[in-house]
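Peer 1: Hey, can you work out the whole structure from these sequences and the hints?
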Amino acid sequence: MLKDSEWVRQPGDRYEIRLSGSGGQGLILAGIILAEAAGIYGGRFVAQTQSYGPEARGGVSRSDVIISDEEIDYPKAIKFDMLMAMNQKSCDQYFSDLKPNGILLVDSTFVSEVPLEGAVTIPFTQIAREEVGKEFVANIVSLGALTEFCPLLNGEVLEKAVLGRVPRGTEALNRTALRTGIEAAARFRKKMARRAVAPEDYKLEED
Amino acid sequence: MEAVTEKRGREILLQGNEAVAEGALAAGCRFFAGYPITPATEISEVLSVKLPELDGTFIQMEDEIASMGAIIGASLAGVKSMTATSGPGFSLMQENIGFACMAEVPCVVVNVMRGGPSTGLPTFPSQGDVMQARWGTHGDHPIVVLTPATVRGCFDITVMAFNFSEKYRTPVIVLIDEVVGHMREKILLPPTEEVRVFDRIQPTVPPEWYIPYEDNATGVPPMGIFGSGYRYHVTGLTHDVRGFPTQRPDEIDPFMRRLFRKIVQHFGDLQVGEAFLIEDAQIAVIAYGAVARSAKRAVKEARARGIRAGLFQLVTLWPFMRKAVEGIASQARVLIVPEMNLGQISREVKRVNEGKASVVTLNRVDGDLITPDEILEKIMEASR
Chain A
7 MLKDSEWVRQ PGDRYEIRLS GSGGQGLILA GIILAEAAGI YGGRFVAQTQ SYGPEARGGV
67 SRSDVIISDE EIDYPKAIKF DMLMAMNQKS CDQYFSDLKP NGILLVDSTF VSEVPLEGAV
127 TIPFTQIARE EVGKEFVANI VSLGALTEFC PLLNGEVLEK AVLGRVPRGT EALNRTALRT
187 GIEAAARFRK KMARRAVAPE DYKLEED
Chain B
334 MEAVTEKRGR EILLQGNEAV AEGALAAGCR FFAGYPITPA TEISEVLSVK LPELDGTFIQ
394 MEDEIASMGA IIGASLAGVK SMTATSGPGF SLMQENIGFA CMAEVPCVVV NVMRGGPSTG
454 LPTFPSQGDV MQARWGTHGD HPIVVLTPAT VRGCFDITVM AFNFSEKYRT PVIVLIDEVV
514 GHMREKILLP PTEEVRVFDR IQPTVPPEWY IPYEDNATGV PPMGIFGSGY RYHVTGLTHD
574 VRGFPTQRPD EIDPFMRRLF RKIVQHFGDL QVGEAFLIED AQIAVIAYGA VARSAKRAVK
634 EARARGIRAG LFQLVTLWPF MRKAVEGIAS QARVLIVPEM NLGQISREVK RVNEGKASVV
694 TLNRVDGDLI TPDEILEKIM EASR
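Chains A and B, in that order, give the protein sequences.
Quick note on numbering: my numbering labels position 158 of the first sequence as 164, and the sequence is numbered without any gaps.
Quick note on numbering: my numbering labels position 214 of the second sequence as 547, and the sequence is numbered without any gaps.
Misleading hints may appear alongside valid ones.
Claimed, not checked - In the DSBU-like style, the derived pairs of lysine-lysine whose C-alpha atoms are separated by at most 30 Å in a straight line are: (1) A:K85 to B:K633; (2) A:K105 to B:K633; (3) B:K500 to B:K689; (4) A:K166 to A:K196; (5) B:K383 to A:K166; (6) B:K656 to B:K689.
Hints in this document: simulated from the structure, not taken from any laboratory.
Peer 2: Quick look at the structure:
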């Protein structure tokens, strides 16, 4: 094996996102929507690949999205700028390939042991079930949150991409899911910001 | 129809398999017969919607044997035809692929490779069918096999496959790995009118003068269309110039030699490859399909460290690009051949190399794509 010092770890010509979880959580559709948002509506080069088992539900499922300003060579993720883990198994399996400044987002409905400090922990599935009313839009809720933390995307392009890909008749539901996800991320961010201030400042803020 | 045209002018996010279907339509394919199988099903899905819109025919057959038979029949009747499958189905098609070689019927067979043997790994990539594509059907025969590495490549190479099949009256096989077949990329599809399309040469003599398998300079006899008045006999038996079975050595030999000659004398047209930083390469990677993309990244990283590495991507797998690889072998010190099998194209590289360079193989059969890291490691080893 090569020593770490021998590596020029990927030049900054690509932004890599991995969405992971179990089959049936809608990760491949989420990957397609992300790629469409960044590529068609965002004007960048994109490549989206996936890996899944033969079963329709269960098993590991992942979807990689590479975003670049140049033509993309290797189409799979190497070191992630963002990792979305929708269950514990995928979180455990992939978090070690996150870049040093990479962002880990987990669905805290299913991920109880978060391996990194500073991870974004939001109960996407619970939010989908309780706030949006349909558990199956958890993938769209999570995309909304991801957008909030991704410097290359914004809610506007993502909404266009979502509405262009979801089944006809579910547009309103998915729009709500997306916006709920964006709001959840904003709430989480606020909470974290509050936590980051020193106790004495915190006290002042309370006054 | 309006919407389709408008969409073609735009950039779209397309899957490799969807691009194959688009390429087929642009090349003039109007008949598809197939049986769904992962990871090739999307090709059928797209064509089942789009072919009827273009007055074409889509049939879901009872199996892959019948699918292959159906496209041969449709092609004889003058309609450009295609089928798509994966490993297990490709095995079933072999006998009729031989029939298409023998009767010289243009058709395109897409095989989106998955892990094998047998049902293997339906959703995982592999490049295990390279030799099967060459020699899967029995008997001595030439064949044309092409393989794309990008989504745009899926479109272009499907068009190329149809053009070759029409030009040389031969079945053409498009080998795709699951990574490329299922990958989505943003591409700009060219408008249909900008796609160069070749249609089979038809006889100009009156029907009663038509000799269906008569030799000429190109080795490709004009093809009479069934139902257009040109009547002739089509058989899988070795036949004379009129299409009737023969056992005469003086008819068998010229027929077999023409069958080969029509491919061999057009190597220049048929052999397509892409060179990347190969001119001064000391270490050359020879790769195809998705692996070529890993190799491209590895070559870039090697160059960033001052190593003279290069990539030659094979688009035409068969007939094997002997001349091109010979040239690289005489110039480079090391040839690295990464493949998602345990060594199929590397055998050809070794054969052509004839001991000039040292040939290093890199093989992976665990259902995952070879990474740039793995190739870079081999390049670094070779550079020491």
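Peer 1: Taking the hints in turn, state whether each one holds.
Peer 2: Now for the hints, and whether the structure bears them out:
1. Note on K85 of chain A and K633 of chain B: the hinted pairing holds, with a Cα-Cα distance of about 17 Å set against a maximum of 30 Å.
2. With a CA separation close to 21 Å, the supplied pair K105 of chain A and K633 of chain B stays within the 30 Å bound.
3. Our distance criterion of 30 Å between C-alpha atoms is broken by K500 of chain B and K689 of chain B, whose separation comes to about 36 Å.
4. The straight-line distance between the Cα atoms of K166 of chain A and K196 of chain A is roughly 26 Å, inside the 30 Å bound, and the hint therefore holds.
5. For the hint pairing K383 of chain B with K166 of chain A, the CA-to-CA distance comes to about 25 Å; that is within 30 Å, so the pair holds.
6. Restraint check: the Cα-Cα separation between K656 of chain B and K689 of chain B comes to about 14 Å, which is no more than 30 Å; the hinted pair holds.
In terms of the numbered hints stated before, the structure departs from hint 3 and from no other.
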